[in-house]
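Visitor: Hints in hand, dock the two standalone chains.
Each chain, letter by letter, is given below.
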Amino acid sequence: MKIVINIQLKEGVLDPQGKAVHHALLALQFNEVQDARIGKQIILHVEDGEKDKILKRVKNMCENLLANTVIETYTIDIED
Amino acid sequence: MKVVVAVFPGTNCEIDTKYAFEKIGCEVKLVFHKEDKLPVDTDLVVLPGGFSYGDYLRSAAIAKFSPIMNTVVEFANKGGKVLGICNGFQMLLEAKLLPGAMKRNQNTHFISKYQHLKVINNNNVFLRKLKIGDILNIPIAHGEGNYFINDDKVKNLYDSEQVLLEYCDKNGEEENPNGSVNSIACICNKNKNICGLMPHPERAIEKLLGSSDGVKMIEGFLK
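In the order they appear, the protein sequences are chains A and B. The first sequence: position 36 = 36 (the numbering used here), numbered continuously. The second sequence: position 146 = 1146 (the numbering used here), numbered continuously.
Don't read these hints as lab results, they were simulated from the structure. Check the hints yourself; a few may be wrong.
[To be verified] With the C-beta cut set under 10 Å, the calculated list includes, among others, these residues of chain B facing chain A:
id, residue
1, LYS1064
2, PHE1065
3, GLY1080
4, LYS1081
5, MET1102
[Stated by the list, open to error] Covered by chain A, according to a simulated footprint, are these stretches of chain B (three or more residues, beta-carbon under 8 Å):
id, region
6, 1051-1061
7, 1105-1117
C-beta: ideal position from N, C-alpha, C; glycine also.
Bound-form chain B, shown alone (with noise of 0.2 Å):
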């Protein structure tokens, strides 16, 4: 499967994401945000973490206007499958490829930590190698995550089957670490082509450095 990781001023974690899909087997390659096409063969687009252009004005609202996600944007809605996570997921927000938007956490404070998770919907690509229930433990890493998306829209979510993981504790019982709506800390398009979240899925994949529970996310992915 051919990978391509999308890499703006300000990105970290394109490193990460690159050895996360290569461990399952993918053919990694970082384009620059300046790159108008992308290879042809391409499979998934990952737009990583990170603070592209310094998060300033609002975390990702100048990455959207990059000549990269044009061609992001294109792709998508042509089918392809894109993840964001992170700061990627904020990306996916403001170019409206997701619906809602990301508030500055509820406390105020940066958070940078192991968080639980639950899935709630494995009807898609990205969560298919999971089972409805599963607790997976994953690190969130933002200032930003606070997920938001207005009372009447929130239904409509996970009657489409839209809302993939809730963050909880260890038990599977309610936590909410941000004040996100519903906890919700991954959503996917209608079209279950489109999918981003804020925990960091590729920084869980060795076992040795506390958790590999994000080897069965991106695993999901492979054809």
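The following block holds chain A by itself, in its conformation from the complex (with noise of 0.2 Å):
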């Protein structure tokens, strides 16, 4: 089974990287871009099961170590 988990930086938590990335795409004339932010993906195989199971065991794995909750926020996705 794969897990896709996106962890993005909380709204209103500033992201410099995504600052430096929309200041250089204006550089470049993307004149359109608004705003940019960058997060991380993290892909897991895990073995098959109960998707429920799985899924609260996932979360479990971010709060413990893949997202920090003080300024991150995160997403799962299970794809069969």
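Guide: Okay, structure coming up:
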């Protein structure tokens, strides 16, 4: 089973990397860009099993290690 | 005084830290991250600077699961003194021994330079040899030192005397090298036995090499 985890800085938390990328895009004349924010994607391959159970365990992984919930939020997608 | 310096894969300030504490008369032991015990009569544990586990995922995110860290958390919760410098500060945040989190520096650059600091509170074991308002000159060297804490929690930090140092210019006026909330450079926990800072006092030990202001800081730990 393939699990896709997306991690983003919380809204309101300034993203210095995203800001730098935004400025670079503007410098390249991509003036339509209003904002850029950078996150992380983590892809896990886990043993097949009950979806709810897996989701619960992956949530645990996010809370304990994969995301720092002081500044980050995460989403979990399970792809069969 | 017996000091333990914890060494993780990627730590690179352990020898400087050992030198600094030996200079003020401490007995210093380096302990590898795979150990799960501290020497019985340890007075202070220092988590030194560096790039533990290559800063993978987030700075210090993986170090907090090292066997030695469980022991350090236990030691700290029993009132043992713990000092985290730079990457060590990040470990204390990741392990939730101190509040808040670190973000990438506001200008996205790795900053390595001397930086002035102002003493905000000295009612703690770390800065008790210094006076409130004292200006120090200590090197900083970090890419993720942009201290973040929620607005509603900042006031609490000040009210409970947990903010120890702020970045400033040489006259003590506002200067913020990395974007930290309120220019905060150093905090401690409520019980004042756990302290974390981004500047490197162990790199300011010999006047000949630029500054000896770090000595006054670490001397606070002496009995």
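Visitor: Does each hint hold? Answer for all of them.
Guide: Verification of the supplied hints:
Contact between LYS1064 (chain B) and chain A, as hinted, is supported at the beta carbon level, the nearest pair being about 9 Å apart and thus within 10 Å. For the restraint placing PHE1065 (chain B) at the interface with chain A, the shortest Cβ-Cβ distance is roughly 7 Å, inside the 10 Å limit, so the hint holds. For GLY1080 (chain B), the shortest C-beta to C-beta distance to chain A is roughly 24 Å, which exceeds 10 Å, and the interface hint is violated. Taking 10 Å as the C-beta cut-off, the interface hint given for LYS1081 (chain B) is violated, the closest approach to chain A being about 24 Å.
For MET1102 (chain B), the interface hint holds, since its Cβ comes within 10 Å of a Cβ in chain A; the closest pair sits about 9 Å apart. By the rule of at least three residues with a Cβ nearer than 8 Å to a Cβ of chain A, the coverage given for the region 1051-1061 of chain B holds, with 3 such residues. Judged by the Cβ-Cβ criterion of 8 Å, the region 1105-1117 of chain B is covered by chain A as claimed, because 4 of its residues qualify and three suffice.
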